[in-house]
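Chains as they are written, first to last, in the numbering used here: chain D, 45 to 297; chain A, 692 to 880.
Don't read these hints as lab results, they were simulated from the structure. Even glycine gets a Cβ: it sits at the ideal position worked out from N, Cα and C. Incorrect hints may appear among the rest.
Said to hold, decoys possible - List time: in silico SDA-like cross-link candidates among lysine to any residue, alpha-carbon distance up to 25 angstroms:
| id | chain 1 | residue 1 | chain 2 | residue 2 |
| --- | --- | --- | --- | --- |
| 1 | D | K196 | A | S797 |
| 2 | D | K196 | A | V861 |
| 3 | D | K288 | A | G750 |
| 4 | D | K196 | A | G750 |
| 5 | A | K805 | D | T187 |
| 6 | D | K196 | A | T731 |
| 7 | D | K196 | A | L782 |
As the list claims (entries may be wrong) - Covered stretches of chain A (chain D as the covering partner; in silico rule of three or more C-beta atoms under 8 angstroms from a C-beta of chain D):
| id | stretch |
| --- | --- |
| 8 | 716-725 |
| 9 | 753-763 |
| 10 | 850-864 |
Claimed, not checked - Here are some, though not all, of the chain A residues that point toward chain D, as calculated from beta-carbon distances under 10 angstroms:
| id | residue |
| --- | --- |
| 11 | D824 |
| 12 | L829 |
| 13 | P874 |
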Amino acid sequence: MASKYRERLLAIVAWVIVWQIAALTLGHGGLFLATPLQTLAALGQLLPTAAFWHRIAFSALRIVAGFLLAVAGGLILGAAGARWHAVRVFVDPVMQLIRAMPVASFVILALLWVSGSNLSVVVSFTHVLPVVYAGVLAGIADTDPQLLEMAKVYRLSWMARLRYIWLPGIFPSFCESCIAAMGMCWKSGVSAEVIGLPDHSVGDALYRAKITLSTPDVFAWTLVIVLLSALLSAVAARLLRAAKMRLCGEVHG
Amino acid sequence: MSIVMANLCKRFDGKAVLEDFSWTVDRPMVLMGPSGCGKTTLLRILMGLETPDSGTVSGVETPAAVFQEDRLCPQLTAGGNLVLAGHGLTLREAETELRALGFTHSDLILPAGKLSGGQKRRAALLRALLCKDAKTLLMDEPFTGMDAELVAQAAAAVVRLAGDRPVILVTHDAAATELLGWPVRQFAE
Numbered sequence: 045m046a047s048k049y050r051e052r053l054l055a056i057v058a059w060v061i062v063w064q065i066a067a068l069t070l071g072h073g074g075l076f077l078a079t080p081l082q083t084l085a086a087l088g089q090l091l092p093t094a095a096f097w098h099r100i101a102f103s104a105l106r107i108v109a110g111f112l113l114a115v116a117g118g119l120i121l122g123a124a125g126a127r128w129h130a131v132r133v134f135v136d137p138v139m140q141l142i143r144a145m146p147v148a149s150f151v152i153l154a155l156l157w158v159s160g161s162n163l164s165v166v167v168s169f170t171h172v173l174p175v176v177y178a179g180v181l182a183g184i185a186d187t188d189p190q191l192l193e194m195a196k197v198y199r200l201s202w203m204a205r206l207r208y209i210w211l212p213g214i215f216p217s218f219c220e221s222c223i224a225a226m227g228m229c230w231k232s233g234v235s236a237e238v239i240g241l242p243d244h245s246v247g248d249a250l251y252r253a254k255i256t257l258s259t260p261d262v263f264a265w266t267l268v269i270v271l272l273s274a275l276l277s278a279v280a281a282r283l284l285r286a287a288k289m290r291l292c293g294e295v296h297g
Numbered sequence: 692m693s694i695v696m697a698n699l700c701k702r703f704d705g706k707a708v709l710e711d712f713s714w715t716v717d718r719p720m721v722l723m724g725p726s727g728c729g730k731t732t733l734l735r736i737l738m739g740l741e742t743p744d745s746g747t748v749s750g751v752e753t754p755a756a757v758f759q760e761d762r763l764c765p766q767l768t769a770g771g772n773l774v775l776a777g778h779g780l781t782l783r784e785a786e787t788e789l790r791a792l793g794f795t796h797s798d799l800i801l802p803a804g805k806l807s808g809g810q811k812r813r814a815a816l817l818r819a820l821l822c823k824d825a826k827t828l829l830m831d832e833p834f835t836g837m838d839a840e841l842v843a844q845a846a847a848a849v850v851r852l853a854g855d856r857p858v859i860l861v862t863h864d865a866a867a868t869e870l871l872g873w874p875v876r877q878f879a880e
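Can you make the complete structure from the sequences, with help from the hints?
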């Protein structure tokens, strides 16, 4: 385990060195490619400011809200789609359309419907929904039919079937899709903000850094987004695991 | 109460699996016959998982079953599985019987998915025997994967816990049949 982390760390250090060399080679004081140190310095300047944390809270709240709404919607639609074939036939084309639509088209349309400040809620919701929906459907398909027959013969209650058979069947693919979607909603949410430019958002800061040609700031904000996305994915994974143990009566041995 | 099967017929893809099968079971009985002769299909009809093409079944009230496969929830302990299907069975009662069939403390805290094949089979057997509201028992090869000594212990538990309820126990194990001491019906091909 420790050697695996060391390997990974070494690879990252090697890439940072490549980054430094490339930035120095391109020159122009980091205009085209900021050096690692310039990025860290830019980040160092951002970190103590209230505006920085305000922006993060603003964007994170909206992106996570969109994510949570999509998880709830995906669960309901996925369950309904698995239960009633007609629902699935009806919903599937919309999900495929959403998956295929570029973020930009969505943002332009969404700007007509909602205020700019809530844009990332809509965009994060629409990007996560099809992923969770597909995950729930796959999970339900994975549920063990032999255990369902057992539940029928033994007259298990509806709650017991849900808790001990359906949920453990659905959880693996549901968790996988949630964790993947958490990464995606940050990408799509911030892209939407860069297009829609709601005040006090991370996307707005990224755009400002671009128009002032402040490459180190672009790098610093990008680094922040990557770290936030990774952090929230890890939190989601941990919460889902805890929920699974609690809900499904799982034991470890 | 007895299980009454009258003129049951069942075909799969044109092949007759059950043909005009009639039988009345009012106490524990053993059904023997070569594999693939329709015993499992018969039990599935009795459990309500298959419908016969013709004929009738009555008297299968609140059954408990040992399936051909173990069908345990893999994330729960053996005791947890017994309680889940036990309709009022306590964990204490479940674990007492599991211990009597050779479960140690460390086996009792393992998730069922990590138990050995023989242990899973014993848990599946006890799940049926200890189900509190079961008025009939349907058991499909319950002794699979057990050695002679365990079969003896398990057969004794079956006789003790089944009582005089109507039971159909399918097996092709002649030694186990002898240990049970129940009337035997040979399933003719």
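Status of the hints after comparison with the structure:
no.: 1; hint: D/K196 with A/S797; verdict: 30 angstroms, violated
no.: 2; hint: D/K196 with A/V861; verdict: 21 angstroms, holds
no.: 3; hint: D/K288 with A/G750; verdict: 40 angstroms, violated
no.: 4; hint: D/K196 with A/G750; verdict: 17 angstroms, holds
no.: 5; hint: A/K805 with D/T187; verdict: 19 angstroms, holds
no.: 6; hint: D/K196 with A/T731; verdict: 17 angstroms, holds
no.: 7; hint: D/K196 with A/L782; verdict: 22 angstroms, holds
no.: 8; hint: 716-725; verdict: violated (count 0)
no.: 9; hint: 753-763; verdict: holds (count 7)
no.: 10; hint: 850-864; verdict: violated (count 0)
no.: 11; hint: D824; verdict: 8 angstroms, holds
no.: 12; hint: L829; verdict: 8 angstroms, holds
no.: 13; hint: P874; verdict: 24 angstroms, violated
Violated hints for the displayed structure, listed by number in ascending order: 1, 3, 8, 10, 13.
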